[in-house]
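Chemist: If you want the building blocks of each chain, they are given just below.
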Amino acid sequence: MNGELPEEGLPGAGPAGTGTRQAADADDSVESLAGREIALIDLLDRLLNGGAVLTGDLVLSVADVDLVHINLRAVIRSITSDEPAPW
Amino acid sequence: MTVNVDPAAGQGLSYVYAVGRTGTPLDTAPDGRPGLEDGPLRTVAGGGLVAVVSTVPSASYDSAGIASRMADLDALEVLARTHHSVVEFASAHATVLPMRLATVYVDDARVRSMLEEREPEFGALLARLEGHVEMGVKVYADPRSAATPAPAGGGPGSGQPSSPGRAYLQQRRAQRQNHRDAYRAAGAVAAGIPARVEGLAEARVSHRPQQGELARAAGENIANEAYLVRASQEEEFRRALHGVADGFPGVEVEVTGPWAPYSFATPPESEGGTR
Chain W
414 MNGELPEEGL PGAGPAGTGT RQAADADDSV ESLAGREIAL IDLLDRLLNG GAVLTGDLVL
474 SVADVDLVHI NLRAVIRSIT SDEPAPW
Chain A
43 MTVNVDPAAG QGLSYVYAVG RTGTPLDTAP DGRPGLEDGP LRTVAGGGLV AVVSTVPSAS
103 YDSAGIASRM ADLDALEVLA RTHHSVVEFA SAHATVLPMR LATVYVDDAR VRSMLEEREP
163 EFGALLARLE GHVEMGVKVY ADPRSAATPA PAGGGPGSGQ PSSPGRAYLQ QRRAQRQNHR
223 DAYRAAGAVA AGIPARVEGL AEARVSHRPQ QGELARAAGE NIANEAYLVR ASQEEEFRRA
283 LHGVADGFPG VEVEVTGPWA PYSFATPPES EGGTR
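Chains as they are written, first to last, in our numbering: chain W, 414 to 500; chain A, 43 to 317.
Next up, chain A with everything else stripped away, as it sits in the complex (with noise of 0.2 Å):
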């Protein structure tokens, strides 16, 4: 349901970004700490649980302006490192439930009921989630960094005995091999991570394989996993990675986090599959 908020009312909306326990020291941290447009941080009580949250103008923050914001990346980037800052910080004092990004409620009652409401998904989300951390393993194919030098297509004094036609072809013919040989390898070190990792991890999810400008430039991203690990077990979990690539050419593995939970904060029936 979409509540239209009044601009003329223009009191401001309830952004919560992240869900914990009540009798942590989450109740209390995040007063007055700074969030989105500056705004103090609070936290709204509610059938035990706890929401972090902070008022953003009305104007910037319904359907049109966040909108409007995701549409500007610049907007868009401070909004996103806003709120993950928020969620790590949150996450340093309890566990919590990461929100996803522009959850915006009318005011706190209605955040509070939403809170008595969802309880028991909730608290079973959160205990699932306690004491663990979620890490990114990203598999990589860059036939660029796999390519055996290939002859410089005939040039003066090359040496190349064919002409520069075939040369070329040549040429070709080896790039197109590096990138299926590339691309293979990469597929290859991705199917044999879930085994290395075995017992280490309690839940995977799959992202989509980044692309576009945002993506790192090295490379293609062909795959791109999150793993609900202990927070005990990051450094093991680090160590059975290591090295996966190893004698695979033109294939890089990168790890990324310790994160919040972000990517296992909904029910377990719903993930797996891309997203």
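Just chain W, same shape as in the assembly (with noise of 0.2 Å):
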């Protein structure tokens, strides 16, 4: 496995002319969208916990998947001093 670095920037840099969902802005691009500083947390509840979740010839099975989940949990907290909730 070479962990192959990551490029270096996001899509971006790419050609212009995305939009807004709205589509009212054409000329605001994917970095406008990127520039919005959305937090990480919130796109991973999303990221990991909803999208369509497709089964069949995956790569990964859904059972690596649901393991890669739960490591990557492990991960967040492992970095963290989480404190056990308050309640």
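In short, the hints are calculated from the structure, not lab data. The C-beta atom is built at its ideal place from N, Cα and C for all residues, glycine as well. A portion of the hints provided could be inaccurate.
Listed next, with one range per pair, are the computed distances between beta-carbon atoms [what the hints assert, rightly or not]:
| id | chain 1 | residue 1 | chain 2 | residue 2 | range |
| --- | --- | --- | --- | --- | --- |
| 1 | A | Ser-274 | W | Ala-452 | 24 to 32 Å |
| 2 | A | Asp-80 | W | Glu-450 | 17 to 25 Å |
| 3 | W | Ala-452 | A | Tyr-210 | 32 to 40 Å |
| 4 | A | Pro-162 | W | Glu-450 | 32 to 40 Å |
Hints in hand, dock the two standalone chains.
Modeler: Written as structure tokens, this is what we have:
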């Protein structure tokens, strides 16, 4: 497994012209979408718990995906000084 | 089922970001825009559906590759933000079902047969999501912001008649009371939100309250909900929640979105409950 480095930029570096959801500002490229500074944790809530789950000929089995999610939670916890919930 | 990818094949895998319908601007809009690893986006059509796809290197995106990526927060962030920006781009052009992070197929032919197979289910989901956005609503308890200034604890010149020990205990008691009050108030605010947005939200999903280093520093997240809202009623939804925590010291409500409907991309019967 070579930990290939991620590309240095988000696709915001790409051609402009995405527009917002309302498609009002056609020049608001992905740069401005990325610039909205969406909190990573809000994103991960949705990308790891939401989204359509496909099964079938996946490289990752659903079980693997779940395992990865569990690992991720462990990672996120392990880098924190998580205090127990106060209730 | 897991397919073992022969690393020597090295052809790359088909990473799926989102699925929409054919006959929409989605058919061609993504073409050539950069996806993960700067691979150009393309679309794969099948069964009346179209998937937004790009090729990713097999070695980095097979089971082990994804797992190691998930363990590295910086790499995960690039993956998540790139996936999201493609989903945002796609949903600016058509109603789409966002895929869960790291949905990877062996090749486009497998993507196509997946689309054909899932067409009834995905078609129904797309019809339900059409014209809708997801809004996030988080409720925080922040006892510190509710705290009335407590006595400094009997330092010199504080004028406290009681002993330092007693002052300390009083302060601790006041802190605990503040904590209890703030959490109780936050719970009450959170419980009242569904009624506030009644008629404006068509579905609701509860995510786990956010904790850990990635969570916001101030306060404790006690409710983390997603609502499915008509795009035309987004402002109304925001207005309905405006001031919802007024009069509740130590409680804060944060609204996020509009999001592509990530939390509603699974059939309704599997919604609900904490994920």
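Chemist: Compare the structure with each hint and give your call.
Modeler: Each hint, compared with the structure:
1. A/Ser-274 / W/Ala-452: 24 to 32 Å: holds (26 Å)
2. A/Asp-80 / W/Glu-450: 17 to 25 Å: For W/Glu-450 against A/Asp-80, whose Cβ atoms are near 23 Å apart, the range 17 to 25 Å holds.
3. W/Ala-452 / A/Tyr-210: 32 to 40 Å: With a Cβ separation near 37 Å, W/Ala-452 and A/Tyr-210 satisfy 32 to 40 Å, so the hint holds.
4. A/Pro-162 / W/Glu-450: 32 to 40 Å: holds (39 Å)
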